[in-house]
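One-letter residues, chain by chain:
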Amino acid sequence: MKKGTLKQILLITDGCSNQGEDPAAMAALAKEQGIAVNVIGVIHDHQSDDSGIREIEDIALAGGGISQIVHTKQLSQTVQMVTRQAMTQTIKGVINQELQNILGDHETMEDLPPEKRGKVMEVVDELGETVDLEVCILVDTSASMKSKLPTVQEALLDLSISLNSRMGNNQFCLYSFPGKRHATNKLMAWTPQIDSISSVFTKLASGGITPTGPAIREAIQTFSKTSRRSFLSDDESFYEESGY
Amino acid sequence: MMNHSMKNQDINLASGTMITGKWHGKSYQVIKCLGSGAQGTVYLAHSPAGRVAVKFSKDRSQATTEVNVLKELQKVQGEPLGPSLYDVDDWVARGRNISFYAMEYIRGLPLVEYLKVKGFDWACILMIQLLKDLERLHREGWIFGDLKPENLIVSEPGFRIRWLDVGGVTLIGRSVKEYTEFFDRGYWGFGHRKADPQYDLFAAAMILVYAAGRKRFEKQQDSKKQLLEYIKNHKRLSSLQTVLNKAITGKYTRAKDMRDELLQQINETSSPQTRYYNKPVKPSRKMQQKRRRRKRGWMAMLVLGVFAAGLYILYLKLYVM
Ligand SMILES: Nc1ncnc2c1ncn2[C@@H]1O[C@H](COP(=O)(O)OP(=O)(O)OP(=O)(O)O)[C@@H](O)[C@H]1O
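As they're listed, the protein sequences go chains A and B.
All residue numbers for the first sequence refer to the UniProt record's numbering, where the first residue is 1 and numbers rise by one.
All residue numbers for the second sequence refer to the UniProt record's numbering, where the first residue is 1 and numbers rise by one.
Hints are computed from structural coordinates only; laboratory data are not their basis.
Note that the structure is predicted; figures quoted are calculated from it, not measured.
Hints may be right or wrong, so weigh each one.
DSSO-like mimics (lysine-lysine), calculated; alpha carbons at most 30 Å apart, straight line [stated by the list, open to error]: (1) A:K146 <-> B:K225; (2) B:K22 <-> A:K116; (3) A:K146 <-> B:K224; (4) A:K146 <-> B:K219; (5) A:K73 <-> B:K232.
For reference, chain A alone in the conformation it holds in the complex (with noise of 0.2 Å):
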């Protein structure tokens, strides 16, 4: 199998849009160029069911990629094993691809039996350390999540420490949300590490508007600035559905 690159958003909100376009179709949009879109949300302690969790569900669930709601504390593990938790999933998702390609039309591999599933799993890990990884980092930066802000910056710098301990190459880039002009803020340019976000966050509007929509949609169009093969091809059927 040909390697290319992972692309994935990385959407850390507390929910809530409420500018522009169903971020969720956005989210739709993003998985058939061949980016999964994964969505961490921050809630309040006292923040239980509402449209806000259903909204980052959806969202992730139309970006072929996985969500995970948090309490503000256990952020730096979370957003790393998503990343991760995502990154195997595609690659599980192509070697499936492959198998029914090999096999015939319903074998995936968990079809197969143990001791083939553990070779093939092999693979899978090799694939997750060596891959090349571009993440777009979608950060809401609207009033209710200000509070948040450290943690958030701590996590990603987490992240960075994460994913820089691979062998494959990585590139970050990040984006605040609402922006000034446009629905995004671009904080951070493609950069092979996170190490310099200290002081970005300081500069921050908080009005009152959440565009998570538009926000998803621009950050769409940063990959293909990126001009890189994704790992991906455009079809979507790459992604398999069974639970697991």
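Since the structure of chain A is provided, determine the placement of chain B with the ligand on it from the hints.
Just chain B with the ligand, lined up with the frame of chain A:
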């Protein structure tokens, strides 16, 4: 649905439930639940080969990864490193494929519990055992990864430390995917998460830090300084400061070196904590007073030193070697 892969339902099996593997046809009868964690649930079960631990994972690829690791560990010569692996299979229940594996049931007390009832001295002895096993693992080109008390058990009889959860075992040179903040070098700012022996040795030192205070704590602003200061000022840790600092700052490239120096340090230190093993030779009141007056009377030192050393040699003979 993939999105919920992190939130799959817990499996909940009643005692007596029969589980039969789809591929290998072996049967297991559930006795009781041994414990469950973020990744899955482990049951004690009857099998034709005797009692076994059966693990059901929420995430099937996690299970496959763990099985791969257990197979690798089994290839390492000498005392078993992880639980021995007996069977890997799928169980078809309610139209669902649930993957599981059966492994050796390790009877004993989880390290967390053990540390609650035993003194810090035991933590040091167990650490010396652990370092020996880590040395063997590292020589095979792997590291443990998610090294923490929850993943260790003190087996009975024999008080030998054994590994429970090997899901974090990682090839040297690859990235550590599973870790726990308090025991993680990256969290404290002492380095990356690329697997090297130093990564495990950092965690090993942190197990002692945890054992001494029986608690985890969070990092503060200057996390590196905070940790080193904590060790320096802690009454149980200060005598091990040299070894711990070296482990934490990545000065040991081999578990064996850390083990040797820890062993030597423990042999040399007769701290008040080590003395309580030594009830029969507790110095008389008069002697204690004299000692206090002279700060550290050499006689008492000698008597205690000899006894402590003797006792340790005995312990080491019995449990470590
Ligand atoms: N081989 C074994 N012998 C005896 N007890 C075991 C064995 N394996 C697991 N257990 C018990 O089951 C518990 C859960 O096992 P394990 O830690 O493997 O689960 P997990 O879901 O991977 O947990 P974690 O959240 O730590 O990853 C352990 O804490 C231990 O008490």
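Here is how each hint holds up against the structure:
As the CA atoms of K146 of chain A and K225 of chain B are separated by approximately 29 Å, the hinted pair is consistent with the 30 Å bound. Distance check on the hinted pair: K22 of chain B and K116 of chain A sit about 15 Å apart at the alpha-carbon level, within 30 Å; holds. Distance check on the hinted pair: K146 of chain A and K224 of chain B sit about 27 Å apart at the alpha-carbon level, within 30 Å; holds. Restraint check for K146 of chain A and K219 of chain B: the C-alpha separation of about 22 Å stays at or below 30 Å, so the hint holds.
A hinted pair counts as satisfied when its Cα atoms are at most 30 Å apart, and K73 of chain A with K232 of chain B qualifies at roughly 28 Å.
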